[in-house]
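Quick note, the sequences are listed as chains A and B, same order.
Counting in this note's numbering, the first sequence runs from 261 upward without gaps.
Counting in this note's numbering, the second sequence runs from 261 upward without gaps.
None of these hints come from the bench; they were simulated from the model.
Check each hint, because a few of them may be wrong.
Chain copies aren't distinguished; within one or between two, either way the pair holds.
[Unchecked claim] Here are the simulated SDA-like cross-link-like pairs (lysine to any residue), alpha carbons at most 20 Å apart as the crow flies:
1) 417 <-> 294
2) 282 <-> 384
3) 374 <-> 294
4) 417 <-> 300
5) 374 <-> 388
6) 417 <-> 340
7) 371 <-> 399
8) 371 <-> 387
9) 374 <-> 403
10) 458 <-> 267
11) 371 <-> 391
12) 282 <-> 348
13) 282 <-> 408
14) 282 <-> 295
15) 374 <-> 384
16) 458 <-> 283
17) 458 <-> 469
18) 374 <-> 385
19) 417 <-> 382
20) 374 <-> 297
21) 282 <-> 380
22) 458 <-> 386
There are 2 protein chains.
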Amino acid sequence: MTLYGYWRSTASWRVRLGLTIKGVPFDTVPIHLGQGAQLEGGFQAVNPQGFVPALTLDDGTTLTQSLAILEWLEETHPEPALLPADPIARAQVRAVAEVIACDVHPVQNLKVLKMLRALGQDQDGIDAWAARIIEDGLEACDALIAGQEGPFCFGDKVTMADVLLVPQLSNARRFGAELRWPRILEIEAACAELPAFKAAAPEAQPDFVP
Amino acid sequence: MTLYGYWRSTASWRVRLGLTIKGVPFDTVPIHLGQGAQLEGGFQAVNPQGFVPALTLDDGTTLTQSLAILEWLEETHPEPALLPADPIARAQVRAVAEVIACDVHPVQNLKVLKMLRALGQDQDGIDAWAARIIEDGLEACDALIAGQEGPFCFGDKVTMADVLLVPQLSNARRFGAELRWPRILEIEAACAELPAFKAAAPEAQPDFVP
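Here chain A stands alone, though its shape is the one from the complex:
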């Protein structure tokens, strides 16, 4: 299968993590978002929405939307599981994932920041917008994992919550968000020790620009 992504896209990073954790081999096709490659004909034929990630399966089907791809991956490659077995526990993991995927990331992605710039916001204004959205989301995540054992969001197994949380922290730093949640930083550090998180990190990607 082929993953169309971009080293700095946190949504692509989530899918890279899912594939890597589950040991599913994939090819990478970088789509340079900063240069507008997502709007060009070639990638538009893959994903008309022009968003990464898109995952083209061996039968030619293209899947889009990072959470839908991760759920597909969980159903077709169940081990190691990224969701616990109990339905309520699954809902709690998915809630953290969706705080990031719904309430945070889409409100600070490249498209929205460009719209803010078109409304006259300067870089400071844009950074402040993104930082506020990210801080509110991390505050919510911290509350949702309160009382859970570590080292990961939900105990001693990596879940979809960690897969969503870790890439978002990179954006948090990029936009100068305050990282005032020790538990979240401990989770990030625990994940950083794992080979799959090392392999899926932006700096390990072929299109990475320091």
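Based on the hints, put chain B in the right spot on chain A.
Relative to the frame of chain A, chain B by itself:
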């Protein structure tokens, strides 16, 4: 179980639809978002993020995030199914749901529109922002369901895609978005005929304000 929601919140509407379609009885507690009730102590104890919907189960557990709640509902009350059986088909349904839940709704919700107002945008500017986001999302949904049979997004059974799409169309009209996709309007009309969609509609809720 108890659903904390608001008649005009499309995320609450999704969960009402899921519960109603599956015939799960629930009590409703209205949280008046326009009056800031989501930020008051009582509801903050239920959901610290201050967002609706929140679903409190009979054992006292509160679930948040509409997609996580719908997935929990699908796992615990499988019939009638809101996802098809085939993993690729499930991913395609979820992708439409997530265009709405991730790329559209959070970028035009009350919080973001208040942030735009604080940046000096007037009502016309706010409406134009919301309409553009909604139109881009509906364009993506229309592409994702192209070639599928009707009357619903994916054939003759209501799925999570319809459950997410229909409430968003209400917001589309509210913000003056152009509704230029005949297939999407046909889906909305087909859903409107169903008793569950009638019962879950905003105007059928106890806190509805005309």
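Looking at the structure, which of the earlier hints fail to hold? 1, 2, 4, 9, 13, 14, 19, 21, 22
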